[in-house]
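> This is what each chain is made of:
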Amino acid sequence: MKWRLEIIHTTKYTYDDDVFSSYNEVRMTPKNTSNQLLLSSSIAVSPRASLYNYSDYFGTSVTYFDLHRRHNNLDITSLSHVELEDPRGRGVRLTPAAMIGDDFRDAFSEYLATTTYTEIPKEIAEATYDSVASLDLIEDRIAVVMDFVKANLAYRSGITKVSSSAKEALGVGFGVCQDFAHVAIALLRSIGVPARYVSGYLYPNTDPQIGESSTGESHAWVEAFVGEWIGMDPSNGVDRINKLYVTVAKGRDYNDVTPFRGIYFGGQSSPPIVTVTMTRRA
Amino acid sequence: MTSPFDLYKENAGAFDEFIVNSNAQDENWLGLAKSIENLGLSELKRRAIEVEQTQSARGITFTVGGQERTFPLDPLPRIIAYDEWNKVELGLTQRIAALEAFLDDIYGSQEIVRDKVIPKRVIANATQFSRPAAFPLMEYQMRITVAGLDLIRDEKGELVVLEDNLRTPSGVSYVIENRRAMARILPELFENYEIEPVTDYPSRLLASLISQAPSQVSDPLVVVLTPGIYNSAYFEHAFLARQMGVPLVEPRDLFAKGNEIFVRTTKSSRRVDVIYRRIDDEYIDPVFFRPDSYLGVPGLVNAVRAGGVTIANAVGNGVADDKLTYAYVDEIIDYYLHQKPILKNIETYRLEDSDVLSFVVENADRLVIKPVDASGGKGIVIGSQATDQELEEVKAAIVANPRGFIAQRIVNFSTIPTVVGNNIEPRHADLRPFIVSSPDGRYVVPGGLSRVALEAGSMVVNSSQGGGSKDTWIIKGRSRQRIATSSQLQKNSQSQIAIDLAKESAQ
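Residue numbers (numbering that gives the first Met the number 0), protein chains in the order written: chain H, 0 to 281; chain B, 0 to 506.
This is chain H alone, in the form it adopts within the complex (with noise of 0.2 Å):
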């Protein structure tokens, strides 16, 4: 069953003294997916800028704006309508063996890399390869690394900073959903399993009436190679993501879907107030 939510994100700095200019990119726009449609997506800033929109490497849609007027705040505001349905998938397997193959690999090869954010120790991902060596199905496989996940990882805001890497966040014990995703990716990518970022919003309520809000977040999640990517969330041990997920960005890490990046010349800015209110609308 397909339903249809509004997403309103806003984001608002405060800078404790003026800003002179600033340059930006907001990546807010939920994609068009299998199973997401966008019907509708806006995005307003606040002091007023002219807006330039642009399809970045990923597929995903940029919008950047740069301010050369004295301000002291700047809001964003992404407003959006997505339908959803739940991923329904063609059930393509690939087995473990056909996952070796230097064709398969290099076609893959983005997603097969290490990069800063997905390092990890090497005895772990050996280990972990050495875990999954028995099984036969990349679900049993996928499933030892989700264990992992679980079993290393307790979700704790404030731990763990927005440059924090893989290998930072296992060192600690302890992380955000950026971190889950990228503990993922790099075990995944360990056993061989091509592995992508995905950032969006989690709906938190399960039976939502038409017209009911309800105070969302901006959630990041992880895609999986087996045959065809399926979105799995490590952070709240979801195996198969649903029509509670909307997706904005994927890439190889946060690094490729930051949603809000840019430069400015002016006062300290005090950390930024994000809301994410999301509303059931058929």
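It is worth saying that the hints were derived from the structure and are not from the lab.
Hints are not guaranteed to be accurate.
[Claimed, not checked] Covered by chain H, per the in silico footprint, the following chain B stretches (three or more residues, Cβ under 8 Å):
#, region
1, 227-241
2, 256-265
3, 286-299
Where is the CB? At the ideal position from N, CA and C, for every residue including glycine.
Keeping the supplied structure of chain H fixed, place chain B upon it in accordance with the hints.
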């Protein structure tokens, strides 16, 4: 009178450009030797020192480790025959045309990967593959406006490609300044030889840059963007701006607004149409690359993407300089142009194949191992000259990261007579030709920068590592006033004149 060339003797195994050509009775090389004999080596050196002093007084320098140095010019020119050069020129334009198509493709639909001519990983895992640059250019824009390739002459005497430099190659200012200096050191030879001119370069570059301005602009503003006076090639940036008659700007002089770029002036600001930039990709736009870069112009990449400004060279060319990409250039030429490569590569080992990797590890002492993404000779290990410890370290490094390196056979590249102390001795030299591309065609500077390793036997020619340079002469047709060196030579020349006349009348 004895000639300073009497004692000249080539190094064993290397192709010496003077010995081979004078043995073949090449009148240009023999004429050069004769002139030096007439002049005397001490007079040649006296003139060279005089010119070098004026050069450093005029600020023709580069900076190494914060110290300004002149780039020593050897007063003996290198001569390349016109016919050979014609072939090299064709080879260079062919190679650049193919690499331009390659860059367009990999920053677009990546058909070469889809067709399995190049493995995906060669591109996707290249450190210089720039995802922010993955957008199509406008039809009036080039990715490789300026290329500076490094060639060497191998043991058989053939000029082969050592590496491609498609980012911000430098050295062309020395080509032009060396020519001016040589006209003062050996004016006699300039009267006798018809040397192909190199001074067209700035106007050719300017014409290319203007032709790449956003199309609605009638009187485009071109600027040269330099990181500033501490950059090792600052002299060249200032030189080219002056020669082209365009402003030399630093990043802080430029700003982006609404996908256009402006230069601050004392009164207000002016829109910039074309930026000839000499700042590396990594520093050019802190929105995308290093956010800590003060050298960049934030917003520049998106201004280019939106068509508001042209930058030359384009962002992302480094992936074609990757030495693993180099190993595929023959395939690249075949794929895009359906042609056979005119210029050869040096045989290169791709280490991702585990058999090749173990071969290279076993034979590291006989090979040269290079990091794929470094320039200026950094990180290169020449097996035959490395210590045991250096060899062990590089072996461990290539085993840990085979994608990060390539190996090549050690080429004992050619030597050229060079003034060393009170003698003339053979020294190894490479050649960096420069190619300017525009939507209308390509221009190759006749000759290029010959860089000489000043230490005996050394093969390190980089200016940053103590190399010198030579003026490179492409000599066209006949010398106007023939220099008699032997009756045999005269006889040859006369029959050659007869052939030339026959050709002329045939046209």
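> Indicate, hint by hint, whether the structure satisfies it.
Here is how each hint holds up against the structure:
1. 227-241: Three-residue rule not met by the region 227-241 of chain B, so violated; n is 0.
2. 256-265: holds (count 3)
3. 286-299: Contact hint for the region 286-299 of chain B vs chain H: holds, 4 residues under 8 Å.
The structure is inconsistent with hint 1 alone, although it conforms to all the rest.
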